[in-house]
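K.L.:
Going by the UniProt record's numbering, the first residue of the sequence shown is number 1, and it counts up by one from there.
Certain hints may be false.
Calculated lysine to aspartate or glutamate pairs in the DMTMM-like style (CA-CA distance at most 20 Å, straight line) [stated by the list, open to error]:
#: 1; residue 1: 274; residue 2: 230
#: 2; residue 1: 268; residue 2: 208
#: 3; residue 1: 169; residue 2: 129
#: 4; residue 1: 169; residue 2: 125
#: 5; residue 1: 268; residue 2: 230
#: 6; residue 1: 112; residue 2: 232
Quick list of the computed label-pair ranges, beta carbon to beta carbon [what the hints assert, rightly or not]:
#: 7; residue 1: 219; residue 2: 244; range: 46 to 56 Å
#: 8; residue 1: 77; residue 2: 260; range: 33 to 43 Å
#: 9; residue 1: 74; residue 2: 166; range: 44 to 54 Å
#: 10; residue 1: 138; residue 2: 248; range: 17 to 27 Å
#: 11; residue 1: 259; residue 2: 160; range: 27 to 37 Å
#: 12; residue 1: 42; residue 2: 278; range: 25 to 35 Å
To be clear, the hints were calculated from the coordinates, so they are not data collected in a lab. Just so you know, even glycine gets a beta-carbon here, dropped at the ideal spot from N, CA and C.
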Amino acid sequence: MILGYNTNGLAHHDPFDAVEVLAEIGYSAIALTIDHLTLTPFGNTYLATRQVDLLAKSLEDAKMRNVVETGARFLLNPRVKHEPTFISPDPKGRDLRYEFMRHCIDTAQTLKSDCVSVWSGRLLDDVSEDVAMDRLVASLEPVLDYAAEREVIIGFEPEPGMLIDTMDKFDQLQDRIDSPNFQLTLDIGHLHCQGETPISDYLRRYADRIVNIHIEDMKHGIHEHLPFGEGEIDFPPIFKTLQEIDYQGPVNVELSRHSHDGPNMARKAFDFLKPLLP
């Protein structure tokens, strides 16, 4: 188990600077949110490839593991946050999401990432949840095939407000996915927000599926990522359980609304979490 930090909380930093800043603090992992100017897709192919190769060398030099995150807000659509997604009404939008995922998977292969972290998206059109689930499964299948060919793990994250928002919904999706590289990104704050507690019970239940953990403080019923100590979560039992289940992946801090004070927030988070590690 190692501590990492998501670059969506360092949105004003060049990714190479983010690696340097986090390594200086003591982090051993980084969650790289692909965004404008950070491993950007659909641009100059030579420059994008060159950036990935150089970043792979920087991560190796810093002895940092990484995951690739796909939650940039306005990367694919400058007007609507997170769109298009796997369940967007327009098939062309879903095709664009697939092309983006291919870029993320190729990037993860080069960076030797632990996983590519994904989510379903919000249901925006007037169809049943069954139809939306069919759409999600159909969208995920080619992504998982492409990832399997490149030996890249997909970590699916239940997200409040999206089609797959709870662990029960994740179970329903998992029942329809036949792929060994379909795993779980588990957000500690989301569990608390959704009332899926005790959190340790869920960590034990999904121990063999978890490849990536997001962590932050949060309040019940309010999906707002908070600095540690500003929410309601009791963290020591969570880290005790992670040790019990022998989780050896990254625990990535996600404070996406705090980039204006990114380095300071990253240091405070590290100082809070480090004593909880074995």
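K.L.:
All the hints need checking, so say for each whether the structure fits it.
P.N.:
Taking the hints in turn, this is what the structure says about them:
no., hint, result
1, 274 / 230, "holds, 18 Å"
2, 268 / 208, "violated, 30 Å"
3, 169 / 129, "holds, 11 Å"
4, 169 / 125, "holds, 19 Å"
5, 268 / 230, "holds, 12 Å"
6, 112 / 232, "violated, 35 Å"
7, 219 / 244: 46 to 56 Å, "violated, 26 Å"
8, 77 / 260: 33 to 43 Å, "violated, 24 Å"
9, 74 / 166: 44 to 54 Å, "violated, 26 Å"
10, 138 / 248: 17 to 27 Å, "violated, 33 Å"
11, 259 / 160: 27 to 37 Å, "violated, 21 Å"
12, 42 / 278: 25 to 35 Å, "violated, 42 Å"
In summary, the numbered hints that this structure violates are 2, 6, 7, 8, 9, 10, 11 and 12.
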